[in-house]
Amino acid sequence: MKPKTKVVIIGAGFGGITLAKKLSKKYFDVLIIDRNNFHNFQPLMYQVATGGLEPYSIAYPIRRIFREYRNVSFRMAEVVSVETTSKKVITSIGELSYDVLVVATGSESNYFKFESIKNQLLTLKTIPDALNIRSYIFQNLEKALYHSREEVPEILNVAIVGGGPAGVEMAGAIAEMKKYVIPRDFPELNTQYMNINLYEAGDRLMKTMSEQASSKTLQYLQELGVTVFLNARVNGYDGSELTLENGNAFHTDTVLWTAGVKGAPIAGLGENCLMGGNRVMVDAFNQVKEHEHVFAIGDVAGQVTEETPRGLPMLAPVAQQQAKHLAKNLKNQVLGKPMERFSYKDKGTMATIGRKKAVVDLPKFKFQGSFAWVVWMLVHILSLVGFRNKFIAFLDWMSNYLTYDRPLGLIIRQFKREND
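The sequence shown begins at 853 in the numbering used here and counts up by one.
Keep in mind the hints are simulated off the structure, nothing from the lab.
Backbone N, C-alpha and C fix where the C-beta goes; we use that ideal spot for every residue, glycine too.
Keep in mind that the hints are not guaranteed to be accurate.
[Unchecked claim] Label pairs and their calculated CB-CB ranges:
#	residue 1	residue 2	range
1	1040	1093	22 to 28 Å
2	1145	878	19 to 25 Å
3	1124	1045	49 to 55 Å
4	951	1064	44 to 50 Å
5	1039	1095	32 to 38 Å
6	995	1193	52 to 58 Å
Work out the full structure: start from the sequences and follow the hints.
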């Protein structure tokens, strides 16, 4: 009998998990490598950051996901590099060999020209990031109680840089905290001193969605008390003052950076494999340029089409569709059949700005408001891994909805920015 093909998948995000599930145990032995022993649901990270959900509601142990998959194993390790000629992955726990390598390492925050001040900024890419933001916000609420009135605005003010889904959802969630949670939990604080500003470099919010969704998003944020600045480019931040290219400034201790992401490739593939956005160039079969036995899927993969000259969007559905298609193509390779070209099918985009405030763009129609919010909630609950996570998230959201409260304001660990 022909030996099984050993597939090593680097990354346990949406693409990596989906691919491992779809690879047939008849033909493949699969090894997943990730620095964490859990898969986290990135779209709901902002809910953890603002006290709406606990981390265990959006994270699930990788080993438990594959408990019934006898051909899938997992190693928690940092990947240092790959050696494509010898087909080895160099990791913190040693060298691991492969027949086929799939890079599914996702993306990381893109600071553009602000790398030198990134330690002053708060980002939202990991669960520790979300917990840091939560702690920092609630620490500042406590801190404001014992400072003079002149100092309070800078402590309480929040700036969000980036008007995409992550920035919009964070702004809406913090605005709801200001409106419903802070007056109850911190009655001594005057929330009039707390300003929430959202800065977008472009001429509209949510530029990947329709004009209708953009204008409705702006309306919802303004209704919640968020001040939105369009065509506003950041010039710098010194830890207490955010400055714009037009000369305006905003005094704040808290700057949330959601201005963009870039690919997170692994070393060893070569500079020739990289394209704009730090993504790995792949062909229509998700095969990495110049590497016959290496594939890439998800955010890290730069798959150029006529409609998307800068690569397919960095979205979970793209990663999942690529993973399912690649599983079929790898099976075709084993069986000696030709691989088929990948074609992304856009099934729609959605975002929530607050309670009963959401926008949904589907291929054939668009809608906003309460119904959109219910659809958003159901889609995200059903997308969570594990029944327990679905159940807990549903209970937390229903509790928040009925009581207008976010009870998860515990400061479990103090957080300080690196230069504070």
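Right, here's what the structure says about each hint:
| no. | hint | verdict |
| --- | --- | --- |
| 1 | 1040 - 1093: 22 to 28 Å | 26 Å, holds |
| 2 | 1145 - 878: 19 to 25 Å | 20 Å, holds |
| 3 | 1124 - 1045: 49 to 55 Å | 53 Å, holds |
| 4 | 951 - 1064: 44 to 50 Å | 48 Å, holds |
| 5 | 1039 - 1095: 32 to 38 Å | 34 Å, holds |
| 6 | 995 - 1193: 52 to 58 Å | 56 Å, holds |
Hint check: no violations occur; every hint is consistent with the structure.
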